[in-house]
Amino acid sequence: MWRAIHRLGSPAIFYAVAGRLQPWCWALAIALLLAGSLWGLVWAPADYQQGDSVRILYVHVPTALLAQSVFVLLAAAGGVFLVWRIKLADMLAAAIAPFGALMTLLALVSGALWGLPTWGTWWVWDARLTSMLIQLFLYLGVIALRGAYTAAESGARASALLALVGVVNVPIIKFSVDWWQTLHQAATFSLVRPPSMPASMWLPLLVMVAGFYAFFVALALTRTRSEILRRESRTRWVRERVARTTGKAAR
Amino acid sequence: MSLDALQAWLAMGGDARYVWPAWALALAVLAGCALHARRERRRVLDALRRPARRGGMEDKRDAHDPA
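So the sequence lines, in the order shown, correspond to chains A and B.
Mapped onto numbering that gives the first Met the number 0, the consecutive letters of the first sequence carry residue numbers 0 to 250.
Mapped onto numbering that gives the first Met the number 0, the consecutive letters of the second sequence carry residue numbers 0 to 66.
Treat the hints as calculated values from the structure; they're not laboratory data.
It is possible that some hints are incorrect.
[Said to hold, decoys possible] Only part of the chain B face toward chain A is listed, based on derived beta-carbon distances under 7 Å: (1) G12; (2) L29; (3) A36; (4) E39; (5) V43.
[Unchecked claim] Derived Cβ-Cβ restraints for the label pairs, each shown as a range: (6) B:D45 / A:V71: 16 to 26 Å; (7) B:A23 / A:A34: 15 to 25 Å; (8) B:S1 / A:I12: 48 to 58 Å; (9) A:F174 / B:L2: 45 to 55 Å; (10) B:A7 / A:L7: 47 to 57 Å.
[Said to hold, decoys possible] In silico negatives: residues of chain B with every beta carbon more than 10 Å from chain A: (11) S1; (12) L2; (13) Q6; (14) D14.
Backbone N, C-alpha and C define an ideal beta-carbon position, used for all residues, glycine too.
Model the full assembly from the supplied sequences, consistent with the hints where possible.
In structure tokens:
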């Protein structure tokens with residue numbers, strides 16, 4: 000097990016393994032997102048109270064979940080990088096942080112677009128919404144810190160540290176709807192009880208969530224590979240690999 | 000699908016101006032991310048393939064790009 004992890008920590012081996020996985024992830028993501036979009040926009044019923052605005056939740060829930068998952072991964076990668084000095088963890092962090100920020104922004108915007116017809120307001124300073132806004136600023140900080148130092152190594156360490164500290168915000172977001180009185184409803188999916196909405200609604204939602212996660216994995220693999228090539232450009236294996244693919248379609 | 004049904008679907012029960020922007024934005028962001036990742040990979044590979052004057056990409060990143 001440990002040997003397998005160590006081998007994957009080698010950029011050259013990760014590059015090869017990710018290259019083999021990546022087309023499947025992209026295909027899976029596109030298939031799930033297409034199916035989920037059709038299901039959510041066409042076949043799923045309108046809500047008896049919310050009407051068709053409930054369809055916004057098919058993009059709101061996946062983006063909000065990803066916004067938090069990506070940050071947890073960012074903190075984990077930061078920890079691995081700071082403690083064990085595994086460069087690959089930092090390359091992954093650099094590759095996924097902007098996507099996490101975009102997901103946070105999308106969750107906020109789609110939430111506002113849903114709140115307008117449902118709550119009658121696009122924003123309230125309640126615990127869930129405010130902690131999510133803080134998450135966006137934390138992402139921006141993590142991204143900005145990386146570029147704030149002349150030495151790339153210092154920027155990477157500062158960025159990892161902020162991700163590690165900032166991850167305390169994730170449980171605050173998660174439990175904000177239970178700890179405080181908020182306008183936001185409680186979680187839709189839980190491991191311990193069945194969903195509170197009919198299957199005709201949570202099934203397409205599950206497909207969309209799976210589609211967004213598959214998309215994230217595909218994007219993370221692709222971008223981390225680019226980052227590996229960029230940083231390892233002086234190594235022999237990269238040169239040999241590029242020489243081999245020159246002239247052919249790049250894989 | 001009849002024209003009426005299509006119009007009713009597009010109207011989203013009166014919530015069209017909330018539903019469509021939310022979806023359009025989300026799908027546009029995903030498409031943008033995918034395209035960006037693809038172009039980034041091309042860019043990195045192109046830079047690596049260019050005959051290296053000295054060293055690798057680090058030298059070129061700051062160099063003036065004649066293109």
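Review point. When you look at the beta carbon of L2 of chain B, is every beta carbon of chain A farther off than 10 Å?
Key: holds, 16 Å
Check your understanding: Against chain A, is L29 of chain B within 7 Å by beta-carbon distance?
Key -> At 6 Å from the nearest chain A Cβ, L29 of chain B passes the 7 Å test, so the hint holds.
Review point. Cβ-Cβ distance between S1 of chain B and I12 of chain A: within 48 to 58 Å?
Key: With a Cβ separation near 56 Å, S1 of chain B and I12 of chain A satisfy 48 to 58 Å, so the hint holds.
Exercise for review: Indicate whether the distance between the beta carbons of F174 of chain A and L2 of chain B respects the range 45 to 55 Å.
Suggested key: Because 49 Å falls inside the window, the suggested range holds.
Review point. Is the nearest CB of chain A more than 10 Å from the CB of S1 of chain B?
Key: holds, 14 Å
Exercise for review: Would you settle whether the hint for A36 of chain B is holds or violated, based on the nearest Cβ-Cβ distance to chain A being less than 7 Å?
Suggested key: holds, 5 Å
Check your understanding: Can we keep the G12 of chain B interface hint, with Cβ of chain A closer than 7 Å?
Key -> Constraint on G12 of chain B satisfied, holds at 4 Å.
Check your understanding: That 16 to 26 Å hint for D45 of chain B and V71 of chain A (C-beta), does it hold up?
Key -> The hint (16 to 26 Å, Cβ to Cβ) is violated, given that D45 of chain B and V71 of chain A are roughly 34 Å apart.
Point to revise | Cβ separation check - Q6 of chain B to all of chain A, threshold 10 Å | key: holds, 13 Å
Review point. Taking the beta carbons of A7 of chain B and L7 of chain A, is their distance inside 47 to 57 Å?
Key: At 52 Å between Cβs, range holds.
Review point. Regarding the hint that E39 of chain B lies at the interface with chain A, is the smallest CB-CB distance below 7 Å?
Key: holds, 5 Å
Review point. Should the hint that A23 of chain B and A34 of chain A are 15 to 25 Å apart at their CB atoms be regarded as holding?
Key: Hint holds: Cβ distance 19 Å, inside 15 to 25 Å.
Hints 6 and 14 from the list above are not met by this structure, while the remaining hints are.
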